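Let the hints inform the model, and build the full structure from the sequences given.
The listed protein sequences derive, respectively, from chains A and B.
Counting from 92, one number per residue, gives the positions in the first sequence under my numbering.
Counting from 2, one number per residue, gives the positions in the second sequence under my numbering.
Worth flagging that the hints you see were computed from the coordinates, not collected in a lab.
Because the structure is a prediction, the values reported are computed rather than measured.
Just so it is clear, CB atoms sit at the ideal spot from N, CA and C, and this is done for glycine as well.
Worth double-checking, as some hints may not be accurate.
[Unchecked claim] Listed next, the in silico DSS-like pairs over lysine-lysine satisfying Cα-Cα at most 25 Å (straight line): (1) Lys-132/A x Lys-52/B; (2) Lys-127/A x Lys-52/B; (3) Lys-71/B x Lys-132/A; (4) Lys-127/A x Lys-100/A; (5) Lys-127/A x Lys-110/A; (6) Lys-143/A x Lys-132/A; (7) Lys-113/A x Lys-100/A; (8) Lys-131/A x Lys-52/B; (9) Lys-135/A x Lys-110/A; (10) Lys-100/A x Lys-131/A; (11) Lys-102/B x Lys-52/B; (12) Lys-113/A x Lys-158/A; (13) Lys-162/A x Lys-132/A; (14) Lys-162/A x Lys-110/A; (15) Lys-71/B x Lys-135/A; (16) Lys-162/A x Lys-131/A; (17) Lys-100/A x Lys-162/A; (18) Lys-132/A x Lys-100/A; (19) Lys-100/A x Lys-102/B; (20) Lys-162/A x Lys-113/A; (21) Lys-102/B x Lys-135/A.
[As the list claims (entries may be wrong)] Below, a sample of chain A positions facing chain B; criterion: calculated Cβ distance under 7 Å: (22) Lys-132; (23) Ile-146; (24) Phe-198; (25) Pro-200.
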Amino acid sequence: DTAVSQTPKYLVTQMGNDKSIKCEQNLGHDTMYWYKQDSKKFLKIMFSYNNKELIINETVPNRFSPKSPDKAHLNLHINSLELGDSAVYFCASSQEISGGSKETQYFGPGTRLLVL
Amino acid sequence: GQQLNQSPQSMFIQEGEDVSMNCTSSSIFNTWLWYKQDPGEGPVLLIALYKAGELTSNGRLTAQFGITRKDSFLNISASIPSDVGIYFCASNSGYALNFGKGTSLLVTP
Numbered sequence: 092d093t094a095v096s097q098t099p100k101y102l103v104t105q106m107g108n109d110k111s112i113k114c115e116q117n118l119g120h121d122t123m124y125w126y127k128q129d130s131k132k133f134l135k136i137m138f139s140y141n142n143k144e145l146i147i148n149e150t151v152p153n154r155f156s157p158k159s160p161d162k163a164h165l166n167l168h169i170n171s172l173e174l175g176d177s178a179v180y181f182c183a184s185s186q187e188i189s190g191g192s193k194e195t196q197y198f199g200p201g202t203r204l205l206v207l
Numbered sequence: 002g003q004q005l006n007q008s009p010q011s012m013f014i015q016e017g018e019d020v021s022m023n024c025t026s027s028s029i030f031n032t033w034l035w036y037k038q039d040p041g042e043g044p045v046l047l048i049a050l051y052k053a054g055e056l057t058s059n060g061r062l063t064a065q066f067g068i069t070r071k072d073s074f075l076n077i078s079a080s081i082p083s084d085v086g087i088y089f090c091a092s093n094s095g096y097a098l099n100f101g102k103g104t105s106l107l108v109t110p
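Printed below as a string of structure tokens:
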């Protein structure tokens, strides 16, 4: 069974559209993340979320919003898509351990978004 | 987040050769992680280091957490074609991982 899964794997859409990417983890973890990987393969955190708090990277435009219907899911909604949003988006999850630090993060296979 | 300087940016080697890559930072970290990303996949954890000076192996891979807590290296011995991919160092920034820019490894038979 896949530990962290994302759908869709590929997403091609027009500028200005609104789209969502879904993420599910079956590891029982309490924290989930969204990362963006640009064309130069640089991985950058967008959001960190558990049932206590949402932490947002201040450089992320507010067109991006995470939505968590339950502990096992963290979906990414993107409004008014722009050309520069084209990238690979990775979901990840981890378990918070005592003292607030996080255990190892497990990544999904990625969603390749292309905005035309 | 804190900047991680990873080098080399890319390596092109022959099967059987040993490989070394490293990561440095001006900041002190409590954790160093090494991930590998295969083409078309998400990063997968190879080795996690939690203590300054720690040397840890995972098969042909060996990684060390620098004694100053500002650097780490990853060695791959006797490389094989399936070692191809991008290797990332990462540190825990508090709420998420902070990644280096990756070392792209190509292995020819």
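Outcome of the hint check:
Between Lys-132/A and Lys-52/B, the direct Cα distance comes to roughly 28 Å. Violation of the 25 Å bound is thereby established for this hinted pair. Only pairs whose Cα atoms come within 25 Å are accepted, and Lys-127/A paired with Lys-52/B is rejected, the gap being roughly 29 Å. With a C-alpha separation of about 23 Å, the suggested pairing of Lys-71/B with Lys-132/A holds against the 25 Å cut-off. Annotation: proposed proximity of Lys-127/A to Lys-100/A holds, straight-line Cα distance about 14 Å (limit 25 Å).
As the CA atoms of Lys-127/A and Lys-110/A are separated by approximately 15 Å, the hinted pair is consistent with the 25 Å bound. The suggested pairing of Lys-143/A with Lys-132/A is violated, with an alpha-carbon distance near 31 Å, which exceeds 25 Å. Distance restraint check for Lys-113/A and Lys-100/A: the Cα-Cα separation of roughly 10 Å lies within the 25 Å cut-off, and the hinted pair is therefore satisfied. Using a Cα cut-off of 25 Å, the hinted pair Lys-131/A and Lys-52/B is violated, with the two alpha carbons roughly 31 Å apart.
Of the pairs offered as hints, the one joining Lys-135/A and Lys-110/A holds, with about 20 Å between alpha carbons and a cut-off of 25 Å not exceeded. The hinted pair formed by Lys-100/A and Lys-131/A meets the criterion: a straight-line CA distance of about 19 Å does not exceed 25 Å. Between Lys-102/B and Lys-52/B, the direct Cα distance comes to roughly 23 Å. Compliance with the 25 Å bound is thereby established for this hinted pair. A hinted pair counts as satisfied when its Cα atoms are at most 25 Å apart, and Lys-113/A with Lys-158/A qualifies at roughly 9 Å.
Restraint check for Lys-162/A and Lys-132/A: not satisfied, since their Cα atoms lie roughly 29 Å apart, outside the 25 Å limit. With a CA separation close to 21 Å, the supplied pair Lys-162/A and Lys-110/A stays within the 25 Å bound. For a cut-off of 25 Å, the pair hint linking Lys-71/B to Lys-135/A stands: about 20 Å separates their Cα positions. For a cut-off of 25 Å, the pair hint linking Lys-162/A to Lys-131/A is broken: about 32 Å separates their Cα positions.
Using a Cα cut-off of 25 Å, the hinted pair Lys-100/A and Lys-162/A holds, with the two alpha carbons roughly 22 Å apart. A threshold of 25 Å between alpha carbons decides the hint, and for Lys-132/A with Lys-100/A the separation of about 17 Å falls inside it, so the pair holds. The straight-line distance between the Cα atoms of Lys-100/A and Lys-102/B is roughly 23 Å, inside the 25 Å bound, and the hint therefore holds. Restraint check for Lys-162/A and Lys-113/A: satisfied, since their Cα atoms lie roughly 13 Å apart, inside the 25 Å limit.
Straight-line distance between C-alpha atoms of Lys-102/B and Lys-135/A comes to about 10 Å, which keeps the hinted pair within the 25 Å bound. A distance limit of 7 Å between C-beta atoms decides the matter here; for Lys-132/A the minimum to chain B is near 5 Å, and the interface restraint holds. Proximity of Ile-146/A to chain B holds as hinted, the smallest CB-CB distance being about 5 Å (cut-off 7 Å). Here the hint on Phe-198/A is kept, as its CB sits about 3 Å from the closest CB of chain B, short of 7 Å.
Hint status for Pro-200/A relative to chain B: holds, with the closest Cβ pair at about 5 Å, below 7 Å.
Violation of the numbered hints given earlier is confined to hints 1, 2, 6, 8, 13, 16; the remaining hints are satisfied by the structure.
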